[in-house]
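Construct the complete structure from the given sequences, taking the supplied hints into account.
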Amino acid sequence: MGEGGDSNAVVLQVKDRRDEVVAAWASSAAARMGGRLSAAEVTSEVGALYDGLAGALADGRVPEVSAPELDELRAQLAELSRTRARQGYTPSETAVSVFALKDAVLSQLGERPTPEVYADFVDFSKFVDDLGLITFETYAAAREEAIANQAEELLELSTPVVKLWDGILAVPLVGTLDSARTQVVMEKLLQTLLETESDRAIIDITGVSAVDTQVAQHLLKTVVAARLMGTDCIISGIRPQIAQTVVGLGIEFGDIVTKAKMSDAFKLALSEAGLVVTAARNHTDA
Amino acid sequence: MDRVPILKLGDVLLVSIQIDLEDEVALALQSDLSERIVDTGARGVLVDISALEIVDSFIGRVFADIAATSQVLDAETVVVGMRPAVAMTLVDLGLSLGGVRTALNVEKGLKILRKDLGLRGVEDLEGIAADDPGSA
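Line by line, the protein sequences are chains G and E.
Counting the first sequence from 1 gives a position; this note's numbering is that position plus 34.
Counting the second sequence from 1 gives a position; this note's numbering is that position plus 172.
A couple of the hints might just be wrong.
[What the hints assert, rightly or not] In silico DSBU-like cross-links for lysine-lysine, where the CA-CA straight-line distance does not exceed 30 Å:
#1 E:LYS280 / G:LYS255
#2 E:LYS280 / E:LYS180
#3 G:LYS255 / G:LYS222
#4 E:LYS283 / G:LYS301
#5 E:LYS280 / G:LYS295
#6 G:LYS293 / E:LYS287
#7 G:LYS222 / E:LYS283
#8 E:LYS180 / G:LYS301
#9 E:LYS180 / G:LYS255
#10 G:LYS293 / E:LYS283
#11 G:LYS136 / G:LYS197
[As the list claims (entries may be wrong)] Computed footprint of chain E on chain G, listed as stretches where at least three residues anywhere in the stretch have a Cβ under 8 Å from a Cβ of chain E:
#12 54 to 62
#13 223 to 232
Don't read these hints as lab results, they were simulated from the structure.
What you are looking at is a predicted structure, and each value in this text was computed from that prediction instead of being measured.
Each residue gets a CB set at the ideal place from its N, CA and C atoms; glycine is no exception.
Quick look at the structure:
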């Protein structure tokens with residue numbers, strides 16, 4: 035068609051025939067979803083999307099996806115994508131129910147559309163594709179966010195600083211020690227030292243899978259930082275293989291006290307603090 | 173130029189740094205402190221840096237120099253109250269303030285001096301006054 039400015043014949047059809055388009059859209063979408071949503075649910079979803087779309091089609095042209103009139107529709111699509119993702123639908127299934135609009139529109143164009151109408155349909159079709167991509171992007175963005183949050187939580191979770199006794203802290207390290215981890219451990223340890231006024235800290239590396247020069251460097255940095263604040267550190271939980279690796283790599287722990295077991299380190303810390311653990315006198319073994 | 177006050181508490185000199193430590197202020201503190209150690213015959217020096225938010229490599233070296241100078245004058249130096257952020261910066265700069273003793277706060281620093289050196293600090297001031305009124 036193309037006459038009367040840039041108005042698009044397909045857009046005019048879509049905007050003037052709400053009920054037919056929504057019905058066709060809903061049935062096409064429901065068919066593609068394999069009947070996992072009820073017809074009524076699909077109709078209400080699709081109806082809401084149509085209403086968001088209709089405003090932007092008022093002037094009879096194919097709108098830009100980024101147009102301000104489509105703000106609400108984009109929000110609707112993002113919301114749809116999130117709800118569907120929570121219900122366990124794949125992003126493709128969500129996108130397909132948007133693409134179903136094309137089927138619906140095509141069915142409204144009559145038996146034998148003219149080539150001009152087809153050209154207009156292609157333009158409209160591109161626009162629908164962009165709408166479908168919005169649902170995909172929202173899905174991917176939500177995923178990325180979830181992954182980032184989990185990584186952060188994992189970092190926090192895996193670095194507890196516990197108080198063993200008045201003035202004695204313990205940091206049980208688990209997993210791999212990279213520089214980001216070390217930074218978190220160091221910050222948390224130093225902050226807790228300050229808050230609890232502890233004189234001694236035990237860094238336990240029983241759960242650290244491997245110690246190489248890099249990891250040793252990170253450990254030493256933490257110990258030096260704690261020393262600068264006036265707290266002595268003991269490194270404990272050194273497994274036999276790790277002791278051999280450390281020697282093999284030529285890593286020097288200098289004057290930092292190292293112990294094989296955390297209990298040994300705790301004993302040392304207690305005795306340095308002038309404390310003694312004894313059995314209660316009236317205790318009887320059952 | 174600002175000067176850092178040096179307070180005498182028994183056998184201990186207390187230096188509490190409450191201002192931004194510029195290079196010349198730090199150098200002035202270093203020379204003031206060595207004079208005060210000689211004048212008072214102090215056996216211990218407490219440097220409280222809990223108010224310092226920035227310690228650069230120069231200031232770090234000044235602390236090490238202060239400790240070394242005091243050592244020569246037979247006074248032990250304890251740097252107390254270093255903030256976590258400052259400690260991490262110094263470690264990243266590769267400075268470990270070798271030879272400088274550290275403690276979490278003034279109280280613990282004083283305890284170290286008293287225990288290791290048998291020094292008399294604030295709590296013994298009355299005793300000192302009784303022994304020798306002139307030195308209190």
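Status of the hints after comparison with the structure:
1. E:LYS280 / G:LYS255: 23 Å, holds
2. E:LYS280 / E:LYS180: 17 Å, holds
3. G:LYS255 / G:LYS222: 14 Å, holds
4. E:LYS283 / G:LYS301: 22 Å, holds
5. E:LYS280 / G:LYS295: 28 Å, holds
6. G:LYS293 / E:LYS287: Cα-Cα ~26 Å, so holds.
7. G:LYS222 / E:LYS283: Judged against 30 Å, a Cα distance of about 26 Å means the pair holds.
8. E:LYS180 / G:LYS301: Distance ~38 Å between E:LYS180 and G:LYS301 Cα, so the pair is violated.
9. E:LYS180 / G:LYS255: 35 Å, violated
10. G:LYS293 / E:LYS283: Satisfied, since the Cα-Cα distance of roughly 27 Å is no more than 30 Å.
11. G:LYS136 / G:LYS197: 64 Å, violated
12. 54 to 62: violated (count 0)
13. 223 to 232: holds (count 6)
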